[in-house]
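**Q** Sequence:
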Amino acid sequence: MTALTLLLGACTSQAAPAPPTSPDPTGETTTMPPTPPLQEPFEIKTDAQGVREWRNSPEEMGFAYRRQPVDFTLTPRNTGSTPQSDARLRFVVEDMDGEGDLTVGGEGWECEGDRDIACTSTGVTEPGGTWSPLTLTMRHTKGGQTRVVVHWADVTPSVIFRYDTST
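Those letters in the sequence shown? Residues -15 to -1, 1 to 152, per mature numbering (1 follows the signal peptide of the UniProt record, and there is no 0), in order.
What the hints contain is simulated information worked out from the structure, not anything from laboratory work.
Treat the hints with caution; some may be incorrect.
[As the list claims (entries may be wrong)] In silico lysine to aspartate or glutamate, EDC-like type, Cα no more than 20 Å apart, as pairs:
1. Lys30 <-> Glu45
2. Lys127 <-> Asp86
3. Lys30 <-> Glu44
4. Lys127 <-> Asp99
5. Lys30 <-> Asp149
6. Lys127 <-> Glu84
7. Lys30 <-> Asp86
8. Lys127 <-> Glu44
9. Lys30 <-> Glu92
10. Lys30 <-> Asp56
11. Lys127 <-> Asp149
12. Lys127 <-> Glu79
13. Lys127 <-> Asp80
14. Lys127 <-> Asp82
Since the model is a prediction, treat every value here as computed from it, not as a measurement.
Take these sequences, add in the hints, and give me the full structure.
**A** Here is the structure:
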């Protein structure tokens, strides 16, 4: 019998490792619950043709397009561990090298503002659940990029809207 056969036999005969445990003051061993999967605080998408999406990081994403206006759907999610009531989102529009106008609205939402838009919705959403979607319409008066900082719970990701006027 070769050394490799003995080594393989020894490796396969070992028992699988025990699940992680935590000490219990009563002396009983308890198994830790699994960690839930990471959930994004919101989803933003569009059905418009010719729109290219990109993501640099969880804090920065964007869309590039050649036709406008473009409608986007943003669906906020309760990423907490308890039911959450009264959703509040804020959209701060910052022109970069372009000039964009954002309008926001949706069923069950009240939105106010022009360059600093505040939206609220009432009701309770369970952990992992979503509120009704918001429609974001971006219309550029000058080609280029416009950043929208989305303030939602404890995150403030940036969404870059790029209207490409090049040929």
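**Q** Give a verdict on every hint.
**A** Cross-check of the supplied hints:
1. Lys30 <-> Glu45: This hinted pair holds, its Cα atoms lying about 14 Å apart.
2. Lys127 <-> Asp86: holds (10 Å)
3. Lys30 <-> Glu44: With Cα atoms ~16 Å apart, Lys30 and Glu44 stay inside 20 Å; holds.
4. Lys127 <-> Asp99: Roughly 17 Å between the alpha carbons, so the hint for Lys127 and Asp99 holds.
5. Lys30 <-> Asp149: holds (19 Å)
6. Lys127 <-> Glu84: holds (5 Å)
7. Lys30 <-> Asp86: holds (18 Å)
8. Lys127 <-> Glu44: With Cα atoms ~25 Å apart, Lys127 and Glu44 exceed 20 Å; violated.
9. Lys30 <-> Glu92: It holds: about 17 Å lies between the C-alpha atoms, which stays within 20 Å.
10. Lys30 <-> Asp56: holds (9 Å)
11. Lys127 <-> Asp149: holds (10 Å)
12. Lys127 <-> Glu79: holds (13 Å)
13. Lys127 <-> Asp80: holds (10 Å)
14. Lys127 <-> Asp82: holds (8 Å)
Hint compliance for this structure: hint 8 alone is broken.
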